[in-house]
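Student: Listed here are the chains, written in short residue letters.
Number of protein chains: 2
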Amino acid sequence: MPAIDGDRLLRDLYAAREIGKYKTGVHRPTFSPQDVDARHWLAARLTEAGLDASIDGIGNIYGRDPAPGRKLLTGSHMETQNHAGWLDGVMGVLYGLETARCLGRGIDVGSWADEEGHYGSFLGSRSFCGLLTEAEIDTCANRETGTSLRDALREAGFSGRPRQTVDTARYLGYLEAHIEQGADLEDHHLRLGIVTAIVGSRRFRILFKGQQNHAGTTRMSVRKDAGVALVKLVAAIEERFPRIAGPRTVWTTGDIKLDPGAASIVPGGAELVFQFRDTDPATLDALEAALTELLAEAAKGPCEVSVAYRSTTAPSAMDPGFQAALTAAAERHAPGLHQPMPSGAGHDAQILSQVLPSAMLFVPSIGGISHHYAEDTSDADIVLGCQVFADAAAAILAGG
Amino acid sequence: MPAIDGDRLLRDLYAAREIGKYKTGVHRPTFSPQDVDARHWLAARLTEAGLDASIDGIGNIYGRDPAPGRKLLTGSHMETQNHAGWLDGVMGVLYGLETARCLGRGIDVGSWADEEGHYGSFLGSRSFCGLLTEAEIDTCANRETGTSLRDALREAGFSGRPRQTVDTARYLGYLEAHIEQGADLEDHHLRLGIVTAIVGSRRFRILFKGQQNHAGTTRMSVRKDAGVALVKLVAAIEERFPRIAGPRTVWTTGDIKLDPGAASIVPGGAELVFQFRDTDPATLDALEAALTELLAEAAKGPCEVSVAYRSTTAPSAMDPGFQAALTAAAERHAPGLHQPMPSGAGHDAQILSQVLPSAMLFVPSIGGISHHYAEDTSDADIVLGCQVFADAAAAILAGG
Chain F
1 MPAIDGDRLL RDLYAAREIG KYKTGVHRPT FSPQDVDARH WLAARLTEAG LDASIDGIGN
61 IYGRDPAPGR KLLTGSHMET QNHAGWLDGV MGVLYGLETA RCLGRGIDVG SWADEEGHYG
121 SFLGSRSFCG LLTEAEIDTC ANRETGTSLR DALREAGFSG RPRQTVDTAR YLGYLEAHIE
181 QGADLEDHHL RLGIVTAIVG SRRFRILFKG QQNHAGTTRM SVRKDAGVAL VKLVAAIEER
241 FPRIAGPRTV WTTGDIKLDP GAASIVPGGA ELVFQFRDTD PATLDALEAA LTELLAEAAK
301 GPCEVSVAYR STTAPSAMDP GFQAALTAAA ERHAPGLHQP MPSGAGHDAQ ILSQVLPSAM
361 LFVPSIGGIS HHYAEDTSDA DIVLGCQVFA DAAAAILAGG
Chain H
401 MPAIDGDRLL RDLYAAREIG KYKTGVHRPT FSPQDVDARH WLAARLTEAG LDASIDGIGN
461 IYGRDPAPGR KLLTGSHMET QNHAGWLDGV MGVLYGLETA RCLGRGIDVG SWADEEGHYG
521 SFLGSRSFCG LLTEAEIDTC ANRETGTSLR DALREAGFSG RPRQTVDTAR YLGYLEAHIE
581 QGADLEDHHL RLGIVTAIVG SRRFRILFKG QQNHAGTTRM SVRKDAGVAL VKLVAAIEER
641 FPRIAGPRTV WTTGDIKLDP GAASIVPGGA ELVFQFRDTD PATLDALEAA LTELLAEAAK
701 GPCEVSVAYR STTAPSAMDP GFQAALTAAA ERHAPGLHQP MPSGAGHDAQ ILSQVLPSAM
761 LFVPSIGGIS HHYAEDTSDA DIVLGCQVFA DAAAAILAGG
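Protein chains in written order, with the numbering used here: chain F, 1 to 400; chain H, 401 to 800.
Please note: incorrect hints may appear among the correct ones.
From the structure, some residues in chain F lie toward chain H, with a derived Cβ separation under 10 Å [unchecked claim]:
(1) 180
(2) 182
(3) 183
(4) 187
(5) 205
(6) 214
(7) 217
(8) 219
(9) 225
(10) 242
(11) 249
(12) 267
(13) 270
(14) 368
Calculated directly from the structure, the hints in this document are not laboratory data.
Beta carbons are placed, not taken as given, at the ideal position from N, Cα and C, and that holds for glycine.
With the hints as constraints, model all of the structure from the sequences given.
Tutor: This is how it looks when you write it as structure tokens:
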């Protein structure tokens, strides 16, 4: 098996970290000037590596091996969450680049726009897989600034370009590496994770409508306190969900807002952002049934309750043959220091897996930290991961 | 007893509503341009009524009867909460003005700055009572914009003026009228409330510190979810407080904030604004003891909990003789349609009562609505209230 150039990989990662550097991490939200710079920087690196590189109409960067024959597609994403880590996304892309350089043939590299969801949900990989309509693009806007995706693409200079879509006949499959974003590998003193499945999720925005009133003059007996109604629902979820959950189920109340949110005002409105994730569709269904029951319970109280938004993502199984290739490579370079594991986070591979055999490799996140500028992985783990990735890619290409 | 001019009173109230008009209410936060306009407008009305009017270094408007003899001080406040009602505060001030015009002697009128707490706590009435230091003024800033009180006073043109303080020998006492800000009078088909005491309150900002983490990859068992810890505390308060509360105790979680407050991030921080009120100091003590126990309980969980801010206001009993004068006047004009009642809201009278015998009269709030532009009281109730107020003032002056 060919050896990757670990120093070259790290130099590329360090260079990428300078684009939008923030403390020890980076701030490179989708289509920010820094993100656009990073996209052009990557396209230049892909070109240097001998790939035909382009940036398409959704901002995807796509580097194609010009030689004939079937290819393995690799990739991840370049943009970051706000004030986030230096590896989340770009490490997977640069594993693809280093693997292309190392193997010299058979590797395409994709960097999928907006995996981090500043404007929508997996826009780049869905576009590439033919799962994103022009009509949906019309409706997308930045979750913080409200800037439309159309305006952002125009500002970035990508407007009007065609959107590249996958030629499934070209590919043996898709391979993506990523930091774990959890502490499971570290806790078990392991260096590599081979992903078995990406969890499915159900996401909800739940609204309570009560009656705003003066906190000093409104007797408890006549209140319609939307905040209290919300708190009782969340407390009931925390009571009920552990009895239904599987061993790896997670559920999270990510945000709570009270309206108007003032010390001396009984909240007339309240809003809750809630989600749960599991790899087992039956578990997801059971949790949602429990939530529906608890919402019906809540509706018997003094406040109205409604689900303002619901979205669902199905669990995605990873390709068994690719998993075996990754496991064999991991065992060769780090015997006994790898494990099969689910991915609790969403990744572009869950979209690609709808059209191509797909698999993922994880490297450890120090302290499990992610989506924060303190996110880190040791250089040794970064280099080891890339070698295992390249070995597995070579094996898949040899097998194809 | 002399008759007030109800039409003149209503004309003044309608005129005041035009200053900072917002829908059917007003938006006149302390020292906003609209609020400064309203202060000058009031000073001009006091001057027209034959009072010596001035605006002092904290923004208090003070109209003094130039004739010799002891006086009754009346008043309330001119500024409003944001996008709030047209009567909260200004009605009490204009009752004072109309009473001064109606009686022709013996009435001073004060309008106390920032009762609504945009920059601090009862700044104007505390200044007038000698309970506000220059050092505290140095620390005050707008709760929303962060503008310092010093800068706001300078911008308003009140900077550098002396601050007027009460001459207790001048006054028989202090009388304040206000809308009820609750629905108790309306619910009991009554037209007037004679306040027995203003509730004391205890106010808290409580912080939870956990660990921010990825909502997909962080197992439930290792989470330090500050939002869940907060929810459990609030749910425990809602469980415990009803068992300790008196018949008129109120408690309110006015605001909740999760940090960072994103769908897919386990909150690392959470913040709660909580308060409770009662007229009985023993009840307040028992509630605070329970809260302290619940905080100790919460601290046994995975998150740190701390009280970042605590403030306390003692209950204020109203003067029995003034209450009797108000009750007699109420019975004369609205037989059987009045009641003694506590004030669940704070008012400047709780400050004035520390230096002068004080009392308060309430008129009904339609639907109990306050701190909202829909706040309203019928014209008939407004006029009746002022007549009762003027009668009681005349009786107090006659008795003095």
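Student: Does each hint fit the structure? Answer for all of them.
Tutor: Going down the list of hints, with the structure as the test:
no.: 1; hint: 180; in the structure: holds (7 Å)
no.: 2; hint: 182; in the structure: holds (3 Å)
no.: 3; hint: 183; in the structure: holds (7 Å)
no.: 4; hint: 187; in the structure: holds (8 Å)
no.: 5; hint: 205; in the structure: holds (9 Å)
no.: 6; hint: 214; in the structure: holds (5 Å)
no.: 7; hint: 217; in the structure: holds (3 Å)
no.: 8; hint: 219; in the structure: holds (7 Å)
no.: 9; hint: 225; in the structure: holds (8 Å)
no.: 10; hint: 242; in the structure: holds (8 Å)
no.: 11; hint: 249; in the structure: holds (7 Å)
no.: 12; hint: 267; in the structure: holds (7 Å)
no.: 13; hint: 270; in the structure: holds (8 Å)
no.: 14; hint: 368; in the structure: holds (7 Å)
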